[in-house]
Amino acid sequence: MSVETKRLILSGLIATAFGLSIGCASSDSNQSESAIQSETAIASFVPESANAKLIFEERFDTDESVKLDDWIMEGPGIAKVEDERLIIYPVVQPKMSALYDEGVLGMNDGQKGDYYKYTQQFLAEERPDVDQSEMVWNEQFKGGHINFWHQFELPENYIIRCKFESLSKQSLHMIMFSALGLEGQNIFDESMAKRNGVAAQLMYGDLRCYRVSYFAPERGTANMRVSPGRQLTIKGRDYASESEGVHDLVIVKWENRVLFYVDDKLSFNFEHTDEFGEVLGGGSWGLRLMNTAKGAYDDFEIFSLTKK
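Count along the sequence shown starting at 1, add 5, and that's the number in this note's numbering.
None of these hints come from the bench; they were simulated from the model. One or more of the hints may lead you astray.
Computed list of lysine-lysine pairs in DSSO-like fashion (alpha-carbon distance at most 30 Å, straight line) [said to hold, decoys possible]:
id	residue 1	residue 2
1	240	270
2	122	299
3	58	270
4	168	299
Working from the sequences, and respecting the hints, build out all of it.
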């Protein structure tokens, strides 16, 4: 029995236990062999009342000249293709992580004490061109973090899949999805307020979205929140921080449910009820990294989900 077959069997058992079953992949004769293989690989994550079709893929295994023209960086960050993977981190990350390694800052300090004092100092050293006054919220500096959005828009229901490896011991990574303006506009519409990585812009600004946070060794949970606001909708096990190496991340958004898997293990199954406001649909998606996080991402795939 192949490793992939074993993986699918295990995934099927997990999915069935949480109300999912293997769905039917699209049989479009014009599909590429790789698309068919991708749809087969995610079949165990597809709701039994849905069909899945691969509509987007982004891989970084061509050469070092791969451009990231379809991505938009918000905040002072670095994104590059290296060793056939997307490497991404805030410009202050190397120096901030060094403070933790040296014991100057502790894992349980969070964003308290001298956290932002050092962030401001390192940001001034690395990017003197950045206007730090634009990163102030409620009279306090809150900058240094980054958002990295892709311009491909998600449909109403979908699956996002990618590979992830943390390249830093510190947290935090997030995937943002179903992001739209409060009036339903694209998040890059000229009517939207400027964003530069400050968390409050996502929580209390002019957009709505879901976001899943993971690789948080200090807390041990993967959390999901919905904006506007800072509503914590559900917590799950943070499998991504329990072992080193590359992890397979899967987000399933089907009607009013969001499921998050890591290495075929279900972290949580969230049901969006009235207490969390309007159920979100399609929109933009991207990555968010706090200022001590560094990661490698690869093999992004998006599948549309439609009713049978």
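Next item on the list: Starting from residue 58, check that the Cα of residue 270 is at most 30 Å away, please.
Entry: With Cα atoms ~22 Å apart, residue 58 and residue 270 stay inside 30 Å; holds.
Check: Hey, residue 168 versus residue 299, does the alpha-carbon distance stay inside 30 Å?
Finding: Answer holds: residue 168 to residue 299 is near 14 Å, not above 30 Å.
Next item on the list: Below or equal to 30 Å on CA atoms is what counts here, so check residue 122 against residue 299.
Entry: Measuring from Cα to Cα gives roughly 20 Å; hence the hint holds.
Check: Keeping to a limit of 30 Å between CA atoms, is the pair of residue 240 and residue 270 held or broken?
Finding: Judged against 30 Å, a Cα distance of about 14 Å means the pair holds.
In the structure shown, no violation is registered for any of the earlier numbered hints.
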